[in-house]
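Novice: Taken in order, these protein sequences are the chains called A and B.
Take the first sequence: its letter number 86 is residue 86 in our numbering, and every next letter is one higher.
Take the second sequence: its letter number 81 is residue 81 in our numbering, and every next letter is one higher.
Just so you know, not all the hints are guaranteed correct.
Stated by the list, open to error - Below, simulated PhoX-like cross-link-like pairs (lysine-lysine); rule was C-alpha separation at most 20 angstroms, straight line:
{"id": "1", "chain 1": "B", "residue 1": "LYS109", "chain 2": "B", "residue 2": "LYS52"}
{"id": "2", "chain 1": "B", "residue 1": "LYS52", "chain 2": "A", "residue 2": "LYS41"}
{"id": "3", "chain 1": "A", "residue 1": "LYS41", "chain 2": "B", "residue 2": "LYS105"}
{"id": "4", "chain 1": "B", "residue 1": "LYS3", "chain 2": "B", "residue 2": "LYS105"}
{"id": "5", "chain 1": "B", "residue 1": "LYS52", "chain 2": "B", "residue 2": "LYS69"}
{"id": "6", "chain 1": "B", "residue 1": "LYS3", "chain 2": "B", "residue 2": "LYS52"}
{"id": "7", "chain 1": "A", "residue 1": "LYS40", "chain 2": "B", "residue 2": "LYS69"}
{"id": "8", "chain 1": "A", "residue 1": "LYS41", "chain 2": "B", "residue 2": "LYS97"}
{"id": "9", "chain 1": "B", "residue 1": "LYS109", "chain 2": "B", "residue 2": "LYS3"}
{"id": "10", "chain 1": "A", "residue 1": "LYS40", "chain 2": "B", "residue 2": "LYS3"}
Note that these hints are calculated values from the structure, not bench results.
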Amino acid sequence: ETGVTQTPRHLVMGMTNKKSLKCEQHLGHNAMYWYKQSAKKPLELMFVYSLEERVENNSVPSRFSPECPNSSHLFLHLHTLQPEDSALYLCASSLGTSGRASTDTQYFGPGTRLTVL
Amino acid sequence: DAKTTQPPSMDCAEGRAANLPCNHSTISGNEYVYWYRQIHSQGPQYIIHGLKNNETNEMASLIITEDRKSSTLILPHATLRDTAVYYCIVRVADFNKFYFGSGTKLNVKP
Numbered sequence: 001e002t003g004v005t006q007t008p009r010h011l012v013m014g015m016t017n018k019k020s021l022k023c024e025q026h027l028g029h030n031a032m033y034w035y036k037q038s039a040k041k042p043l044e045l046m047f048v049y050s051l052e053e054r055v056e057n058n059s060v061p062s063r064f065s066p067e068c069p070n071s072s073h074l075f076l077h078l079h080t081l082q083p084e085d086s087a088l089y090l091c092a093s094s095l096g097t098s099g100r101a102s103t104d105t106q107y108f109g110p111g112t113r114l115t116v117l
Numbered sequence: 001d002a003k004t005t006q007p008p009s010m011d012c013a014e015g016r017a018a019n020l021p022c023n024h025s026t027i028s029g030n031e032y033v034y035w036y037r038q039i040h041s042q043g044p045q046y047i048i049h050g051l052k053n054n055e056t057n058e059m060a061s062l063i064i065t066e067d068r069k070s071s072t073l074i075l076p077h078a079t080l081r082d083t084a085v086y087y088c089i090v091r092v093a094d095f096n097k098f099y100f101g102s103g104t105k106l107n108v109k110p
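Model the full assembly from the supplied sequences, consistent with the hints where possible.
Specialist: Right, dumping it as structure tokens:
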């Protein structure tokens with residue numbers, strides 16, 4: 001248990017569906033991240049939020065829409081996805097993004113396995 | 001951004017030390033080396049990090065060469081549960097970006 005939870009753990013959706021992935025951290029952290037891990041590919045950073053402000057959007061298509069209502073919760077809203085979006089979606093959090101290793105270590109949740117039909 | 005190079009796979013006998021190498025020849029002076037592992041499509045698990053000095057914690061030891069161009073993660077007594085993909089990451093300070101490469105698949109065998 002890392003203190004970062006993700007729901008649901010598994011999700012199957014059609015290309016016309018709208019769904020949301022939820023991440024919650026119980027660590028008192030101020031920064032949260034979304035990563036995508038496709039089969040046989042490295043983890044790709046998608047979004048970074050620091051103090052509830054999006055500070056990084058790594059050229060992610062608009063069919064992925066993040067939301068960070070407070071420092072403990074992070075959502076990834078999904079709509080009109082493609083089969084190639086099937087992947088493991090991982091959430092992480094860190095105390096800060098200050099450039100100091102003592103605050104910047106990222107802790108990951110277990111991921112949501114998404115399948116787009 | 002400093003990139004890392006790791007062997008794609010390694011084998012280790014149970015109970016023996018596992019030594020996982022990583023090259024990061026373009027690392028900058030203020031960039032930290034982090035190690036994570038990922039067990040069978042679970043979320044990556046933090047192991048250890050360092051800047052210049054060798055580091056040790058309850059999970060592993062990290063040896064960084066004096067020129068900081070390479071490092072080695074040491075699991076002193078590998079167990080079957082240590083079978084995982086191990087990632088060596090050089091953290092970019094800008095918004096704390098972690099770039100994960102392909103990692104090393106460590107197979108611990110009985």
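Novice: Would you mind marking each hint as holding or not holding in the structure?
Specialist: Results of checking the hints against the structure:
1. B:LYS109 to B:LYS52: Violated. LYS109 (chain B) to LYS52 (chain B) sits at ~32 angstroms, over the 20 angstroms cutoff.
2. B:LYS52 to A:LYS41: Cα-Cα ~30 angstroms, so violated.
3. A:LYS41 to B:LYS105: Since the Cα atoms of LYS41 (chain A) and LYS105 (chain B) sit roughly 13 angstroms apart, the hinted pair holds (cutoff 20 angstroms).
4. B:LYS3 to B:LYS105: holds (18 angstroms)
5. B:LYS52 to B:LYS69: holds (10 angstroms)
6. B:LYS3 to B:LYS52: holds (17 angstroms)
7. A:LYS40 to B:LYS69: violated (27 angstroms)
8. A:LYS41 to B:LYS97: Cα-Cα ~17 angstroms, so holds.
9. B:LYS109 to B:LYS3: It is violated: about 30 angstroms lies between the C-alpha atoms, which goes past 20 angstroms.
10. A:LYS40 to B:LYS3: Holds - the C-alpha atoms of LYS3 (chain B) and LYS40 (chain A) are around 19 angstroms apart, at most 20 angstroms.
Going through the hint list in order, the structure does not satisfy hints 1, 2, 7, 9.
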